[in-house]
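Chemist: Single-letter residue listing:
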Amino acid sequence: MSLLHDAFARAKSENRAALIAYLPAGYPTEDGAVECITAMVEGGVDIVEIGFPYSDPVMDGPTIQDAVNISLEGGTKSATVINTVKRVADLGVPALVMSYWNPIERYGVDSFATDFHAAGGVGVITPDLTPEEADDWILATNSHDVDRVFLVALSSSDERIAKVANATTGFIYAGAVMGVTGARTSISDAIEGLVAKVRRHSDLPVAVGLGVSTPEQAHEIAQYADGVIVGSAFVTAIKKDGAAGAKALAQALSKGLAR
Amino acid sequence: MTANDVVSVPDLRGHFGKFGGRFVPEALMAALDELDEAFRKASVDPSFLKQLRDLQVNYTGRPSPITEAKRFAEHAGGATILLKREDLNHTGSHKINNVLGQGLLTQRMGKTRVIAETGAGQHGVATATVAALLGLECVVYMGEEDTKRQALNVARMKLLGATVVPVTIGSRTLKDAINEAMRDWVANVETTHYMLGTVAGPAPFPEMVRDFHRIIGDESREQMLSRYGRLPDVVAACVGGGSNAIGIFTAFIGDADVRLLGLEAGGDGIETGRHASTIVGGAVGVLHGARSYIMQDDDGQTIESHSISAGLDYPSVGPEHAYLADIGRAEYRSVTDVEAMNAFKLLCETEGIIPAIETAHALAGAIEIGKELGEGAIILINLSGRGDKDVETAAKYFGMNI
Ligand SMILES: Cc1ncc(COP(=O)(O)O)c(C=O)c1O
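Just so you know, the sequences run in chain order A and B.
Throughout, this note's numbering is defined as the position within the first sequence, counted from one, plus 19.
Throughout, this note's numbering is defined as the position within the second sequence, counted from one, plus 355.
You may find that some hints are simply not true.
Claimed, not checked - Calculated pairs, BS3-like style, for lysine-lysine (alpha carbon to alpha carbon, straight line, at most 27 Å): (1) A:K182 to B:K700; (2) B:K396 to A:K182; (3) A:K258 to A:K105.
These are calculated hints, taken from the structure and not from any lab test.
Here the structure is a predicted model, which is why all the values come from computation and not from measurement.
Full structure from sequences and hints, please.
Modeler: And the structure:
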């Protein structure tokens, strides 16, 4: 089976949730991102989400917006993202890309799936693409063996959850808050119910993200979800302490993953 | 065949041909479904239609008249130039048509807070106005750059009790204001309706906003027939997101002999790259929830648009316009800042009407096509707004001391 499947299976066998970390390609620089991701993996990150920096990130709060701006101003291009995927895949961890839809459409839907797969990438998360608009994407990802991750939200009806579950491969991304990315002091109780609803429609692993930043929150989520996704907190740690900060945060979060 | 038979109806998922649709976070899908349902129910509910009609007549002051611009026409090849006076609406532009409809829908959905983006400030003012009228809380997002060039409208919104939030990220113009409004909406969707101000965005906005504006064209068509006994040869309007243009076009879409002309903002000129002409100079892409023509680079990053007019300074366009351009039903041209400002001054001095700078783009396009068609042609222009808000920009542009 795939690297992604293996990562969730390994975590499960260790009676814990998998740790999924997000960082935009090119932040703080192209090499710096790879260095930080390497440190994150050393610190215990199981799965890496590489952000495709985009000029209009409507799902992101100020922390990731700033990181993405720095990346774009530093000259990040599509090629930078593919290259970063290759370097992260070479570390032996499952590498995903998280991308708003337009950069993929502009690249060419089939070309992107082809080049992403060739670089060793395993899956792509598309936060502003719903299954209704994804016909071409479903074809391309099927033919190039790329997992496609859609999101469910606290506001999703049962009918929509079923639709998303049907269209998704790899794992299902459950948004923990109604809102944009960024650390929150508390995570809604409703997310546990959402994960339970998803499980009624799918056997895929379910990972929870948006707003998650602390080991305590990770611990809470690990009790009912298969993966914990952390993004903004890594950006903040890197801004403060670089790769060492990223590693320290990964280590701290790892301690929270046990069931 | 009547005009109504040929309105381009989007498919069930809001596609106009290959354009439109919904490219939004899953978290917004439920709200869009709710809005869609409320809109469809209201559209056939006599009590909603009556309430809306009453406001259109007794609050906005509809119908708006058509004024013949005789002295202006001397500069437009002698064609007959007619102005549909949306500038005379309450709040000074066509924008009020849309917000009255969406305001009533907000109430029907049981929501108590509205948010809006604004560029020129006209949509922000209209939203703040309707929020005051209906007792809704109102927050308006406006690019910091635009709060400076449209300071008068910022003051108007504040007087009307709205909170104006200057947006300080990205290009600090309309596109970034929309991003911020979407972020607010995702977080507050339970209590909040997003009053999108143009025919862009995810379905059902393009169709819904069009339907609230189509009264402009419906009235015009009747006024033409009763006063001139014929339809115009050309219907012209400026196109930012495209709401005033689609509003006046819709009634004429089935009239094959009526040319529909949309004028996009050409900024410094298409060839300079500093413009906002997405149909004339853009490429197909996805921005703000819909597939349309957008301004983007090779990596799919949005390119900042440029225009002297804040209301046209937007790097996308409503998907129905993209569709009308593709099937050849409407024609789109680009008008530079200089051409627009010349037309602005000309209307002031020949007709005693100060137009919005947005609208001046339509006037410039009409001068051009008037010269092409010459005497005997009738050109109907949507005079989408008045220029009070632009007095400072114009005075500066023309080097006047005030
Ligand atoms: C007077 C006026 N006309 C036109 C526009 C452009 O918008 P649209 O293309 O949606 O009509 C604006 C936008 O602010 C406006 O204020």
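Chemist: If a hint holds in the structure, say so; if it doesn't, say that too.
Modeler: Hints, verified against the model:
no. : hint             : result
1   : A:K182 to B:K700 : violated, 56 Å
2   : B:K396 to A:K182 : holds, 25 Å
3   : A:K258 to A:K105 : holds, 24 Å
In summary, the one numbered hint that this structure violates is 1.
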